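This is what each chain is made of:
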Amino acid sequence: QKEVEQDPGPLSVPEGAIVSLNCTYSNSAFQYFMWYRQYSRKGPELLMYTYSSGNKEDGRFTAQVDKSSKYISLFIRDSQPSDSATYLCATVNEKLTFGTGTRLTIIP
Amino acid sequence: GAVVSQHPSWVICKSGTSVKIECRSLDFQATTMFWYRQFPKQSLMLMATSNEGSKATYEQGVEKDKFLINHASLTLSTLTVTSAHPEDSSFYICSARDVQGHEKLFFGSGTQLSVL
Numbered sequence: 001q002k003e004v005e006q007d008p009g010p011l012s013v014p015e016g017a018i019v020s021l022n023c024t025y026s027n028s029a030f031q032y033f034m035w036y037r038q039y040s041r042k043g044p045e046l047l048m049y050t051y052s053s054g055n056k057e058d059g060r061f062t063a064q065v066d067k068s069s070k071y072i073s074l075f076i077r078d079s080q081p082s083d084s085a086t087y088l089c090a091t092v093n094e095k096l097t098f099g100t101g102t103r104l105t106i107i108p
Numbered sequence: 001g002a003v004v005s006q007h008p009s010w011v012i013c014k015s016g017t018s019v020k021i022e023c024r025s026l027d028f029q030a031t032t033m034f035w036y037r038q039f040p041k042q043s044l045m046l047m048a049t050s051n052e053g054s055k056a057t058y059e060q061g062v063e064k065d066k067f068l069i070n071h072a073s074l075t076l077s078t079l080t081v082t083s084a085h086p087e088d089s090s091f092y093i094c095s096a097r098d099v100q101g102h103e104k105l106f107f108g109s110g111t112q113l114s115v116l
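Chains as they are written, first to last, in this note's numbering: chain A, 1 to 108; chain B, 1 to 116.
Note that these hints are calculated values from the structure, not bench results. Hints are supplied without guarantee of correctness; some may be wrong.
Claimed, not checked - Simulated crosslink set (PhoX-like; lysine-lysine; CA at most 25 Å straight-line):
| id | chain 1 | residue 1 | chain 2 | residue 2 |
| --- | --- | --- | --- | --- |
| 1 | B | K20 | A | K42 |
| 2 | B | K41 | A | K2 |
| 3 | A | K95 | A | K42 |
| 4 | A | K67 | A | K56 |
| 5 | A | K2 | B | K104 |
| 6 | A | K70 | A | K95 |
| 7 | B | K14 | B | K104 |
| 8 | B | K14 | B | K55 |
| 9 | B | K55 | A | K95 |
| 10 | A | K95 | B | K64 |
| 11 | A | K42 | B | K41 |
| 12 | B | K104 | A | K56 |
| 13 | B | K66 | B | K20 |
| 14 | A | K42 | B | K104 |
| 15 | B | K20 | B | K55 |
| 16 | A | K67 | A | K2 |
| 17 | A | K67 | B | K14 |
| 18 | B | K66 | B | K14 |
| 19 | A | K95 | B | K66 |
| 20 | A | K42 | B | K14 |
In this text, all values refer to a predicted model and were calculated from it rather than measured experimentally.
Only chain A is shown next, with the shape it has when bound in the complex (with noise of 0.2 Å):
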């Protein structure tokens, strides 16, 4: 079993819905969680970060976790075609452990 399940996807949603991409992990020790966007052929960008379950918003983002699921979630409100890239679940131990990403495809 993987430490980190995420559907690879792909996604496509019309402009200005809501988009749910979610992950699973499997060690209860995993404490951070991170989502992380990439871009065609650049580094990931740091989007979200979050320490505890609960819910953490920034702008259109708001990152999820409930660690007595094991599950993260991050929801994008008002998707627009500058959104379309792939998006990468992460978590930390003693590394950071990803997933393999969803590829996500915003229609305008």
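Could you slot chain B onto chain A? The hints should help.
Same frame as chain A, but now just chain B:
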């Protein structure tokens, strides 16, 4: 956020030559830097962990004699792909963690290596 500069952004080389990639933390000191490679449509694969002033720790299956890592200062780590072959063609990305021990990692913009 913190800035990590990676250079070059792309390189084309002949088979058998060596290529050096630089990773610099511009506005913070990084005791630890990480090197990843990424194949098209796949996630990042950790190659090695580079600690300032000590030998790098390589992940299983990564040849340390082929991928030489040097972390000579708190702001610079280099990855040298020695005797490159076409199968080494990939997207290489570095990341850095600052000395304050924050768990956030900041990534360079990546280097696309093409070996002919």
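Problem - Structure versus earlier hints - violations, ascending order - result: The structure conflicts with hints 7, 8, 17, although it agrees with all the remaining ones.
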